Amino acid sequence: MTMRLAIQGLGPVGGFGSGTAALERALVTAASCPHLTPVPSFSADTAGLEAFVERKTLRRMDHFSRMAMLGAFLALEDAGRLTAGRERLGLVLASGYGAARTTFAFLDSSMDHGDVCASPTSFSTSVHNAAAANIAIVLDLHGPTITVSQFELSVPSALLTAGQWLTAGRVDAVLFGSVDEFCPVIEYGLQRLHADQNPPPPQSSPGGTVPPGEGAVFFLLTRVGEESRYGVITDIRLGTVANGEPRIATDAVVVVNDQRGAMDADTTAPVPAPAPPRAVSYTPVYGRLPVGPAFDMAIAALACRHGLTAATRNHAEPAAHPIPPPSHLLNAPSITCLVLGRDNTFGLITSSGRG
Amino acid sequence: MTTKEQLKQILVSDLNLEDMTPEQIPDDSPLFGQGLGLDSLDAVELVVIVQRHFGVEIKDMQEARSAFQTVETLATLIDERRPTT
Chain B
1 MTMRLAIQGL
11 GPVGGFGSGT
21 AALERALVTA
31 ASCPHLTPVP
41 SFSADTAGLE
51 AFVERKTLRR
61 MDHFSRMAML
71 GAFLALEDAG
81 RLTAGRERLG
91 LVLASGYGAA
101 RTTFAFLDSS
111 MDHGDVCASP
121 TSFSTSVHNA
131 AAANIAIVLD
141 LHGPTITVSQ
151 FELSVPSALL
161 TAGQWLTAGR
171 VDAVLFGSVD
181 EFCPVIEYGL
191 QRLHADQNPP
201 PPQSSPGGTV
211 PPGEGAVFFL
221 LTRVGEESRY
231 GVITDIRLGT
241 VANGEPRIAT
251 DAVVVVNDQR
261 GAMDADTTAP
271 VPAPAPPRAV
281 SYTPVYGRLP
291 VGPAFDMAIA
301 ALACRHGLTA
311 ATRNHAEPAA
321 HPIPPPSHLL
331 NAPSITCLVL
341 GRDNTFGLIT
351 SSGRG
Chain L
356 MTTKEQLKQI
366 LVSDLNLEDM
376 TPEQIPDDSP
386 LFGQGLGLDS
396 LDAVELVVIV
406 QRHFGVEIKD
416 MQEARSAFQT
426 VETLATLIDE
436 RRPTT
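The listed protein sequences correspond, in order, to chains B and L. Counting from 1, one number per residue, gives the positions in the first sequence under this note's numbering. Counting from 356, one number per residue, gives the positions in the second sequence under this note's numbering.
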């Protein structure tokens, strides 16, 4: 669907830290470091949330909601709209797995103590829309709120909803966010998956995989008309890889979300993207997670805003992660973020600095 | 450990009273409103906590209302009703 959405604010939270400066730093220095035991993974710290919300308000919020809440506040702050009216502000959240830690904790408590003694708070915070509801309450949003889950295609799918709300005039701005978390059950699944690979191949090798990650990214979106701070989203598409699809502009740089090694990834599907340097992947910066394309969108937005600063990493030395220098994205007429889903499906989001 | 001490520990951990330690909770401090500042959602959680940790079922609203006044009143109810092992 061709639509034009202006990005006014950005709020990333992940293993690299929180805020646009932290993400830029990670891109330039390849500084994101996974926790190494027992399964290498990126984890997000939400301590910064207390700068925006009283601690007692956070008491019942789980890690999933806190990551989302921090991302939302950072995006509003970045857009200079922390105190602006929220009467016609909508909220669309994308999540592949939802609040995985709380969901499995609730299931465990049901099995251990019986359904009568399962925690009602855990149940209410385990539903996918809990984070969006918490944000709407704390921010006093008066617009519509929804959570969309379509595994690895959650981001483009939810973004279509945000675009439709803006196009239809239902709201004046949308806080569009994506969040997923790492949890012991996912860790266990990965340990079992890689049990026959001892040690697992390093991520820089051809068969290697990027460590799993967690985090949230929020965007403040408006209709095109007012000046866009981070470029314009010009195209959002979902489809099936067949008959030449997905068609991508020949001069676009393609940011490919790398899902190799995910528990449910369809590793047999060919990636319908051009060869490097026109195709790059930034998955090693934030880790592998279903809403990874939102991080790619954020990186594209940064490139659209002011051009990422030149990479300072010494390229003569082997990088900690195979992260392409961000200069690959500079001056591209458009940047297409591509993700493959199961059953040969794809999602793509194209943005351009030339709004 | 007394029931009151046990209860205070459970309140802090299960209700995420992050700014409080069990030792800081007075026996006669109101659980709801002023005092610990619990609310109606905590009340539902509290019913489950008491059943899960102490095996005491609270089904009657009237009974809950009087037991949920303070740590002291709740511990008294638990001690009265707790199954003997």
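If you are wondering where the hints come from, they were derived from the structure by calculation, not from laboratory data. A few of these clues could be false.
[Stated by the list, open to error] One-sided and incomplete, this derived list gives chain L residues near chain B with beta-carbon spacing under 7 Å:
| hint | residue |
| --- | --- |
| 1 | Val-367 |
| 2 | Asp-382 |
| 3 | Ser-395 |
| 4 | Val-403 |
| 5 | Arg-407 |
| 6 | His-408 |
[Stated by the list, open to error] Sample of chain B residues lacking proximity to chain L, with all beta carbon distances greater than 12 Å (derived):
| hint | residue |
| --- | --- |
| 7 | Arg-55 |
| 8 | Arg-59 |
| 9 | Ser-109 |
| 10 | Asp-112 |
| 11 | Gly-114 |
| 12 | Val-116 |
| 13 | Pro-120 |
| 14 | Ser-122 |
| 15 | Ser-149 |
[As the list claims (entries may be wrong)] DSBU-like mimics (lysine-lysine), calculated; alpha carbons at most 30 Å apart, straight line:
| hint | chain 1 | residue 1 | chain 2 | residue 2 |
| --- | --- | --- | --- | --- |
| 16 | L | Lys-359 | L | Lys-414 |
| 17 | L | Lys-414 | B | Lys-56 |
| 18 | L | Lys-359 | B | Lys-56 |
Owing to the predicted nature of the structure, the values given are computational and were not obtained by experimental measurement. Note that beta-carbon positions come from the ideal geometry of N, C-alpha and C, so glycine has one too.
### Query
Which hints, by number, does the structure contradict?
Hint check: 1, 2, 3, 6, 7, 8, 9, 10, 11, 12, 13, 14 fail, others pass.
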